[in-house]
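Take these sequences, add in the hints, and give me the full structure.
Line order of the protein sequences matches chains P, Z, B, Y and L. Each residue of the first sequence is one higher than the one before, counting from 1 in the working numbering. Each residue of the second sequence is one higher than the one before, counting from 1 in the working numbering. Each residue of the third sequence is one higher than the one before, counting from 1 in the working numbering. Each residue of the fourth sequence is one higher than the one before, counting from 1 in the working numbering. Each residue of the fifth sequence is one higher than the one before, counting from 1 in the working numbering.
Hints in this document: simulated from the structure, not taken from any laboratory. Fair warning: this is a prediction, and the values are worked out from it, not measured in the lab. Ideal placement from N, C-alpha and C gives every residue a C-beta, glycine not left out. Just to be clear, a hint being listed does not mean it is correct.
[As the list claims (entries may be wrong)] The calculated lysine to aspartate or glutamate pairs, modelled on EDC-like cross-linking and capped at a C-alpha distance of 20 angstroms, are:
id: 1; chain 1: B; residue 1: Lys-199; chain 2: B; residue 2: Asp-189
id: 2; chain 1: L; residue 1: Lys-88; chain 2: Y; residue 2: Glu-166
id: 3; chain 1: L; residue 1: Lys-88; chain 2: Y; residue 2: Glu-157
id: 4; chain 1: Z; residue 1: Lys-87; chain 2: B; residue 2: Glu-308
id: 5; chain 1: L; residue 1: Lys-88; chain 2: P; residue 2: Glu-119
id: 6; chain 1: B; residue 1: Lys-199; chain 2: B; residue 2: Glu-308
id: 7; chain 1: B; residue 1: Lys-199; chain 2: B; residue 2: Asp-159
[Claimed, not checked] Here are the simulated distance ranges between beta carbons:
id: 8; chain 1: Z; residue 1: Phe-27; chain 2: B; residue 2: Gly-328; range: 47 to 57 angstroms
id: 9; chain 1: B; residue 1: Lys-199; chain 2: Y; residue 2: Leu-305; range: 57 to 67 angstroms
id: 10; chain 1: B; residue 1: Gly-87; chain 2: P; residue 2: Arg-25; range: 43 to 53 angstroms
id: 11; chain 1: Y; residue 1: Leu-305; chain 2: B; residue 2: Arg-256; range: 39 to 49 angstroms
id: 12; chain 1: B; residue 1: Pro-248; chain 2: Y; residue 2: Ala-268; range: 29 to 39 angstroms
id: 13; chain 1: Y; residue 1: Phe-12; chain 2: B; residue 2: Ala-118; range: 32 to 42 angstroms
id: 14; chain 1: B; residue 1: Asp-58; chain 2: Z; residue 2: Leu-80; range: 48 to 58 angstroms
id: 15; chain 1: Y; residue 1: Ala-253; chain 2: P; residue 2: Thr-2; range: 31 to 41 angstroms
id: 16; chain 1: B; residue 1: Asp-58; chain 2: P; residue 2: His-93; range: 53 to 63 angstroms
id: 17; chain 1: Y; residue 1: Leu-295; chain 2: P; residue 2: Gln-92; range: 47 to 57 angstroms
id: 18; chain 1: P; residue 1: Gln-92; chain 2: Z; residue 2: Val-69; range: 45 to 55 angstroms
id: 19; chain 1: L; residue 1: Val-31; chain 2: Y; residue 2: Ala-6; range: 37 to 47 angstroms
id: 20; chain 1: Y; residue 1: Pro-182; chain 2: B; residue 2: Ala-104; range: 24 to 34 angstroms
id: 21; chain 1: Y; residue 1: Leu-295; chain 2: L; residue 2: Ala-13; range: 53 to 63 angstroms
For reference, the chains in residue letters:
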Amino acid sequence: MTILTDIVFVLLSGFALWTGWRVFRTDSMVRCAFLLMLSFIAVGLMMLLMAAVYIGVATVFMMAVEMMVMALFMVMFMMNPAGLNPMWMVHQHRLSVAAGVVAFAGLTAAVLASTLPAEPLPPGRPVVRDLGTELLGPSMLIFETAGVTLLATMVATVILSSRRGRFGDAMEGACPPGLEPGGAPAGRAESESGGGHHHHHHHHGDHG
Amino acid sequence: MTLVSVLVVASGLIGIGLYGALSQQSFVMLMMGLELMLNGVLLAVIGFWAFSLGGMPEGQLLAILVMAVMAVEMAVGFALVVAVYRKRQADMTEGLDLLKN
Amino acid sequence: MAVSRLSSLAAAAPAPVYAAIGEGAAAAIEDLFLDARLDRAASPRHAALLLVCGRFRDDDIADLCRLHDQLPHPRATLRWRAEALPGFTPDGVDLAPDADVAAALHAVYRALVAGARASEPALLPDEPPNPWRGRGDHGQGGEGMMGGVPYGRPMAMTDDDLRDGLALDAYAAPFGPFLSAFPPGLRLDLTLQGDVIQKLAVARPPFDQPLEAAHPLRLAARMLLPLGLPGLAERMLRRAAGLAPGTPAAVADLARALRWRGARAALPPGLGRIPGGGDVRTRLDGLLAAAGRGEAAPAPGAPMALSELLVGREWAEAMLVLASLEPGWLRRACRADMPHAPSEDAA
Amino acid sequence: MTSALAAIALLFALLVLGALAAALADGAAAALARGRPAGAALAVPLRRAAFLLHQQAVTTERPDRLNWLLAPVFYVVLAAVGLSVVPFSADLVALDLETGIVLWGACESLVVVVVFLHGWSANAPFAMIGAYRYVAIGLPAMLVSMFVLIAAALPAESLALTAVVESQRGLWNVLRQPLGLPLFLVLGLSLTLRGPFDYADPYDLAGGTSAEVSGPQRAAWQVARLTMLVAFSAMAATVFLGGYLGPVLPGPAWLALKTALVLALVVAAGQAFARLPPSRMLSALWLVLMPLAFLGLVIAGVEAL
Amino acid sequence: MSAFLIIACVAVAAALLAFAVERAALVRHAVSGAPQQVPHLGGGAPQTHAWQRYHARYYPMTLLFIAFEMEMMFMYPWAVVYVAEGIKAMAEMGMFLAILSIGIVYGWREGAFRWQ
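Put into structure tokens, the structure is as follows:
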């Protein structure tokens, strides 16, 4: 049984690393987001192997949703989102490769060099119940702080992303891309009607 | 499957994530690199929890907090992208691309 | 053995038909699809038969050819009450005007499934919209990151947005004249950003349909399709099919079914409001009431341009508005939006 | 181990037979809604599927071929994995996971990804719009169902579905938590792209994510939708109708009967209600259904103490 | 561990099953010609690819969603110990959800659930 565990572990870790690497090597932004999701799923299943029955499954659950949203935004804001033309938008490539390799080598060396305390998870431990008791008892403050943090995040995202924010119409000051960096707006000098002209449409979603 | 092997895989993920975060030009892809690094951190935390902390509940709580950090980072990051795009209406790089054609 | 079992099972299925509806054919096609031997396909990709019915304009022929070629093999074309169209010459079947059309369609369908009838080849030349093979930096026709014609078409470019000011890509394309969700013959040049209509120009107005196609119950049934109530729509059509114009219909049960299914509640109040013509919800109510009294469809309201109604709308809402418009009113509204309004005979 | 293998065999039997039954029910329900005789229409979905196996699978100009082909496959896999945590009897469960409800939730959220991929991959306008619309509705619908499932886990004091079933020995959750099943059915409609929640493949988009899909590929998509319907029905039967509990008959038989009941409910609901425009539905989900789910949680919480 | 193997074999078996259905079909007319590949628009041909920087009109909702959804991570373990902890659990989760509900109400007030 342990042999089987090891085989599955090796397969999953290979898959997690390979999909993680492919994230930066694919042209399609949708594939990119969902490759990262696959990497997370593989890590979630590895956690399941380590008897983290809650965190493992919950990682899959949370990351599926987050990467779905990630895909939406990547398609929205990256040019050529489907990779119809091959994309290569990197800078300081060699430095980054070196940094990645050094980070990996350093961390691995540190892991191999240090003696880690070995106190394995006792079998049959009720890990979900433990977590619940912890949340409601000793870590209650962390739990409620997380609530406040999430509320702050929600408010911040709405303020930042919404057009009708508290701080005036976000269209103010917006201008189309220049033909050269910092240059004059491209090809729409005479069409100033985009913002205010159709104003009656803005509030049409106001039902419900 | 030992703690060492788990940690080596985790550092692999962190290494790839670091490469992505440093090399990618666009902010969104940079966030992908960060997420991948946090993925490695998550794996390492659970590795420690399972092999050397004897299943202390704080280990799981830490993993949840890492995930919460990811969610907050993503939500605020994308909101910033929207806000910046609204102000500038385009990437710098696209201006260059228009120039080329 | 297994294959022939599968074939006979398939042959017993209702024939999936995509209807290209021309002038004066809308009501006949609607009644035809009340037959259980036929399935009305929402997209040509789901059909085996293309039914061409009614009269068409010369401009429609190229679109008809394109529609024909989009059907998967095995496919066949049937013409019913259709004039010969120069340029649209598939090796199809001509049906007599008074034939049992459903039976004939199903017979052709069975022949296709059994392999007794050859599938029709494409009408248009097998050429990509733009030559791309072997061109460009990577042999796929593209240049740089956004340029060129990768795989035959360019990429969409950014444009201003009406509703929230995020200037993302604008998708400009001609929709219709054979789109199942549009009134037959209507062709719109639309610019979409996401699923919101940003710009609209009418390329061709919908076809003129005879009086029976404007029976209030028929018009109400068309509104139910975008609401996802095809069953109730069919019950309405069945009732309308058996009625002479001017006869009151029993609509109490239909009105009850509508309320019970939440059709009225599903329609956003104020959607598609026309001065003097109410909004989508009141128009649906008005149609049912008129059918119950045996009157024609109620007054459609003051003239407006179609773009005033549809620009800035999300697609599903736009389709609801489009389905709720009285056909004569819609034709007038379209003329207001045409760049070169044709001086037609019957305005 | 042997009981797990038996449970896997049962799982696939339930998936296959359930999908067949769902196809028949679909035919009958569509005919009844149209005012046609139901008997003759029973086999129509099967015949349609047989035709689709004779049809060419069309491709578009430059689809994401891999994801387009894999989307229905993933859909079926998610149905099977979701169903694997459902117990057939007290000791007959394919995957006796302590966190079965969370696993089902993971399957729900992955369904959103799969439907999105199905629409995105075609590189066609209607398919794209359908895919994006589905994400808008699918995500909040999933959140609502999570609250409902957590409410069901309260009296069981566990996230395992075996415990959830055992907690219903006295009284089924459908009575104990009256808001639960109706809210969960909303998720079922959205998960299987049906009727009022068919935002992915609707008529006004000429078939939405399926608009460009033909032949065996389309058959696979329809089959996948039906298997997901079976998995959902079994889950709803387990969480709200006491799963395998019942007198005389063996557990798997009770589960199959209750699954059939929920399946019939979902199929009927798919024909019975109008579809709201997506923007209206989005508001309705957050401002009506979500507070209702909160209320359901409060009811369950008070009742469980 | 056996649990894990079972997931894997269930998944693989289901994948094979679905793939078999999909591929078992006849491979007649396998290739689509250029006119057949044009996306369906009801007769017209598009000028550009449909893949684009798609304006998902509900993007503020998705951001709100990922922040709000984090609460699920805390609710699952809470549900397990709820009966054991009693009123205290109810109060703490009530407070937590009340805090997050403020976010939803705020988002609604600012129109985050509308089509932008």
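With respect to the beta-carbon atoms only, verify the hint that Asp-58/B and Leu-80/Z lie 48 to 58 angstroms apart.
54 angstroms, holds
Given hint Glu-308/B paired with Lys-199/B - CA-CA distance at most 20 angstroms:
Between Lys-199/B and Glu-308/B the Cα gap is close to 10 angstroms, so the pair holds against 20 angstroms.
For the hint 47 to 57 angstroms, verify it against the beta carbon of Leu-295/Y and that of Gln-92/P.
With a Cβ separation near 54 angstroms, Leu-295/Y and Gln-92/P satisfy 47 to 57 angstroms, so the hint holds.
Are the Cα atoms of Lys-199/B and Asp-189/B separated by 20 angstroms or less?
Holds. Lys-199/B to Asp-189/B sits at ~8 angstroms (cutoff 20 angstroms).
Hinted pair, alpha-carbon criterion (20 angstroms max): Lys-88/L, Glu-119/P. Please report holds or violated.
33 angstroms, violated
Falls inside 45 to 55 angstroms, the C-beta gap from Gln-92/P to Val-69/Z?
Once the Cβ atoms are compared, 26 angstroms apart, the range 45 to 55 angstroms for Val-69/Z and Gln-92/P is violated.
Take the C-alpha atoms of Lys-88/L and Glu-166/Y, compute the straight-line distance between them, and say whether it is at most 20 angstroms.
25 angstroms, violated
Hint consistency between Lys-88/L and Glu-157/Y [alpha-carbon to alpha-carbon, up to 20 angstroms]
15 angstroms, holds
Taking 47 to 57 angstroms as the hint, is the beta-carbon distance of Phe-27/Z and Gly-328/B inside that range?
Once the Cβ atoms are compared, 53 angstroms apart, the range 47 to 57 angstroms for Gly-328/B and Phe-27/Z holds.
For the hint 43 to 53 angstroms, verify it against the beta carbon of Gly-87/B and that of Arg-25/P.
48 angstroms, holds
Within 57 to 67 angstroms or not, the Cβ separation of Lys-199/B and Leu-305/Y?
Holds, since Lys-199/B and Leu-305/Y (Cβ atoms, about 59 angstroms apart) stay within the stated range.
Given the hint of 37 to 47 angstroms, is the C-beta distance from Val-31/L to Ala-6/Y inside that range or not?
45 angstroms, holds
In this structure, the earlier hints numbered 2, 4, 5, 18, 20 and 21 are contradicted, and the remaining ones agree with it.
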